[in-house]
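2 protein chains.
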Amino acid sequence: MPVVLVVYGVSGAGKEQVVDRLNKWFDTRGVETHAFWDETDEDLARPRYWRYWRALPPRGAIAIVFGGWYMEPVEQHALGELSDAQLDDEMNRAAGLEHTLSQDGALIIKLWFHLTGETQSKRLKKRRDDATHAESAARERKLAKRRDEFLAAAERAIRLTDTGKCPWYLIESDNKYYRDLAVGETLVRAMQQRLQEHRGVDRRAQIHSPVPETAETPSITILDHVDLSEHLDNDDYRDQLKMLQTRLRKQAWAAYEKKHSTVVVLEGWDAAGKGGAIRRLAAGIDARLYRSISVAAPTDEELAHHYLWRFWRRVPRAGYVTIYDRSWYGRVLVERVEGFASPHEWMRAYQEINDFEEQLTQHGIVLSKFWLQIDQGEQLQRFEERGRVPWKQHKITDEDWRNREKWDQYKQAVNDMVEHTSTGGAPWTLVAANDKKHARIQVLKTVCERLAQVLDSGADRQ
Amino acid sequence: MPVVLVVYGVSGAGKEQVVDRLNKWFDTRGVETHAFWDETDEDLARPRYWRYWRALPPRGAIAIVFGGWYMEPVEQHALGELSDAQLDDEMNRAAGLEHTLSQDGALIIKLWFHLTGETQSKRLKKRRDDATHAESAARERKLAKRRDEFLAAAERAIRLTDTGKCPWYLIESDNKYYRDLAVGETLVRAMQQRLQEHRGVDRRAQIHSPVPETAETPSITILDHVDLSEHLDNDDYRDQLKMLQTRLRKQAWAAYEKKHSTVVVLEGWDAAGKGGAIRRLAAGIDARLYRSISVAAPTDEELAHHYLWRFWRRVPRAGYVTIYDRSWYGRVLVERVEGFASPHEWMRAYQEINDFEEQLTQHGIVLSKFWLQIDQGEQLQRFEERGRVPWKQHKITDEDWRNREKWDQYKQAVNDMVEHTSTGGAPWTLVAANDKKHARIQVLKTVCERLAQVLDSGADRQ
Chain E
315 MPVVLVVYGV
325 SGAGKEQVVD
335 RLNKWFDTRG
345 VETHAFWDET
355 DEDLARPRYW
365 RYWRALPPRG
375 AIAIVFGGWY
385 MEPVEQHALG
395 ELSDAQLDDE
405 MNRAAGLEHT
415 LSQDGALIIK
425 LWFHLTGETQ
435 SKRLKKRRDD
445 ATHAESAARE
455 RKLAKRRDEF
465 LAAAERAIRL
475 TDTGKCPWYL
485 IESDNKYYRD
495 LAVGETLVRA
505 MQQRLQEHRG
515 VDRRAQIHSP
525 VPETAETPSI
535 TILDHVDLSE
545 HLDNDDYRDQ
555 LKMLQTRLRK
565 QAWAAYEKKH
575 STVVVLEGWD
585 AAGKGGAIRR
595 LAAGIDARLY
605 RSISVAAPTD
615 EELAHHYLWR
625 FWRRVPRAGY
635 VTIYDRSWYG
645 RVLVERVEGF
655 ASPHEWMRAY
665 QEINDFEEQL
675 TQHGIVLSKF
685 WLQIDQGEQL
695 QRFEERGRVP
705 WKQHKITDED
715 WRNREKWDQY
725 KQAVNDMVEH
735 TSTGGAPWTL
745 VAANDKKHAR
755 IQVLKTVCER
765 LAQVLDSGAD
775 RQ
Chain S
315 MPVVLVVYGV
325 SGAGKEQVVD
335 RLNKWFDTRG
345 VETHAFWDET
355 DEDLARPRYW
365 RYWRALPPRG
375 AIAIVFGGWY
385 MEPVEQHALG
395 ELSDAQLDDE
405 MNRAAGLEHT
415 LSQDGALIIK
425 LWFHLTGETQ
435 SKRLKKRRDD
445 ATHAESAARE
455 RKLAKRRDEF
465 LAAAERAIRL
475 TDTGKCPWYL
485 IESDNKYYRD
495 LAVGETLVRA
505 MQQRLQEHRG
515 VDRRAQIHSP
525 VPETAETPSI
535 TILDHVDLSE
545 HLDNDDYRDQ
555 LKMLQTRLRK
565 QAWAAYEKKH
575 STVVVLEGWD
585 AAGKGGAIRR
595 LAAGIDARLY
605 RSISVAAPTD
615 EELAHHYLWR
625 FWRRVPRAGY
635 VTIYDRSWYG
645 RVLVERVEGF
655 ASPHEWMRAY
665 QEINDFEEQL
675 TQHGIVLSKF
685 WLQIDQGEQL
695 QRFEERGRVP
705 WKQHKITDED
715 WRNREKWDQY
725 KQAVNDMVEH
735 TSTGGAPWTL
745 VAANDKKHAR
755 IQVLKTVCER
765 LAQVLDSGAD
775 RQ
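Protein chains in written order, with our numbering: chain E, 315 to 776; chain S, 315 to 776.
I should point out that these hints are in silico values taken from the structure, not numbers from a laboratory. All values derive from a computational prediction rather than experimental measurement. Any given hint could be a false lead.
No distinction is drawn between identical chains; accordingly, a pair holds when it is met within one copy or between any pair of copies.
As the list claims (entries may be wrong) - Calculated cross-link-like contacts (lysine-lysine; reagent style DSBU-like; alpha-carbon spacing at most 30 Å):
{"hint": "1", "residue 1": "Lys556", "residue 2": "Lys709"}
{"hint": "2", "residue 1": "Lys456", "residue 2": "Lys750"}
{"hint": "3", "residue 1": "Lys440", "residue 2": "Lys725"}
{"hint": "4", "residue 1": "Lys440", "residue 2": "Lys338"}
{"hint": "5", "residue 1": "Lys459", "residue 2": "Lys720"}
{"hint": "6", "residue 1": "Lys725", "residue 2": "Lys490"}
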């Protein structure tokens, strides 16, 4: 299991000394410390949680995080830069991250180091002579002066994020021997307890409540309302393709200038024409500005993390375009239907995905999601054509035929997906794809329109 | 095999259009395009080749690189910012990278797009109206004005890097249909040829010349000259430890301010005390400033690349300290002795490692390498103690006992390693480690002294 140790508290309480000591106590193998105090422009060019996801440990490792996802909001609130409501939002997000990780099996231990006002001022006075970073030290002193505001913000943060699964532990730090002993005992207890919970019990059965029965497959789903007769003739197609690609090229550079990223997700039935649509989209963007990611089986590094980690790690820098050929929706499509994810896992994935996408769109990323819809007859025809044409044969495998047999289960999964994850900031577009030309134009046009909305609003990302 | 396609040439020759077309021709799965035109501060905070290593494809994938490692030096030379000698140095480094990758099985295809002066000015004039990046366009025009200087620099670069294994292909680009056809034919030929070479032949046997016989193990090696009787009593140890840790703490902050990174490599016999030495070193550095990396078995992402890739990917940002518990020297130690690397692989690793370390030190990284030497008797005693003491038992495994049986082979490997990779910028320090206290102090003292040299010289990294 991965262990995340959040270390935070009042200035002068000795968080650094505790971390030094922990590094002595632990075998340093598999332990990493992260501080988030010196952000790079790669951090700043992405949603804030990117840097935290980047620091999350794989299964079997321990990450010690200074301040974690608490430090920035709590300190901003203490300095009057964040309202109560904003702090609450941030804390809900923090609790959401911890819930997500803990559901996935992570042990999260949060330590709050407290100090009386008297000891604090003594310690900070003494600290002034030590070798340290001048800026950080100045910031610490500033916060110490607003001790009451800081403690109020921290109390609010702790109250909102002190959950049964991820509780806060208060460590009194006036006496450093007591402090270190308390830390050690807390860690041992938390780890032992978690290990005991796991022993001989199936983790999933134990952590989660029973699964609700899946509803019967409705005979008519949202997909049946897609008008598959939509069609475009060759001349129209060529004209519109050229016009839209020219427009997109300009928009992509304008979005680069304004630091808006674009994320395009293509999902669809096998042989629905995702690859062709992606190529027409990509041809409309300067090759320096886009990246196309084809989601296949995860690597072992990716498997050792929460399933969203592999998508977080590739969130584009501000100003760039990323096109996904399949995506994080695999969790609620193929992983659900094939049983690679348990019902608990894919069911909570809707919420996790909505949270993830909300962070992308709040950061100014323009997110478009497409489902390419074809009917079973059209798929059969395309499969057979792929089998016949020599340079298309590599595109058809036994797996495609097997998936086809599960058409109804996939249909149900797609329906649930669209229902649960169509949000204001990240709507699904269902594309009639029996006619490839129509589908390609619809994808291009939608991306252009969504970009235009953002660009015309004239808002820079920051 | 990984395929690296370098695309470069005169402005206006249509490199972007060719890349767009290639993205259409290839299945986009497994193809990534990299441009290196918009560096982040994470790029700039590391040796220049970090960004190239970051872009290298795993086995089975294709990377298209615009300009690659050629663009920056060639253009700087054309603009008079780089001397002939500097260009030559850069080209040797480029050829070195390609040699390294190609020895490892990569196919490297380099395309140079040429254009007559007349067509070039026509194209650039037309281009002015297109949507593109204003800055890049301005730079292109500047280079077009210095066409002769640019062509001279390019010719020099091509001459120095046009090798049998990694040749340049010249593509005349006045006619775009001819250009695209020539590109397609070149790629097909190069790939087919490489695939034929591989068919039914052992890759290693074919690429490499025969291995020279390894010399007999000399009875006396460099390790026998380490005076293992060195000893430190408790009081001395405590005093020096405190003094050196205080000094290091200040130095680490000073190095952070001046953007000097520090890399410390610890190698040594099993049970030589690497972990203990690392903890004493780490305790002298603010936890925000260092990272300790324990090198274990590579992940599958790492295995799909050249073995140095996993070390390149973790090169620290300027100003930080990274401590390695085992390192890239595994290639010439455990991988050599256990046969995980072929003789060709570990023999060329000396050169590859020297190149790698040279890039680190040239970038201002302070690199210290330690071999912790103990004798067989001392090791036996420590193994037995580890077996007895409950909280040390996890540190001793059957593998440790097996390694011990190969003492002489390891000794030979260590001797060769120290002989081949002790360079001016990155010397080895052999540490007498029968006395742990002595060893810890020597490591700390050496790191402090090497840092002092750089800090006292007063040079900022950039």
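Status of the hints after comparison with the structure:
1. Lys556 - Lys709: within (27 Å within a copy, 65 Å between copies)
2. Lys456 - Lys750: Answer is neither; intra-copy 62 Å and inter-copy 43 Å both fail.
3. Lys440 - Lys725: Neither way: Lys440 and Lys725 sit 67 Å apart in one copy and 50 Å across, limit 30 Å.
4. Lys440 - Lys338: within (25 Å within a copy, 65 Å between copies)
5. Lys459 - Lys720: neither (64 Å within a copy, 62 Å between copies)
6. Lys725 - Lys490: neither (60 Å within a copy, 45 Å between copies)
The structure fails to meet hints 2, 3, 5, 6 from the earlier list, while all remaining hints are met.
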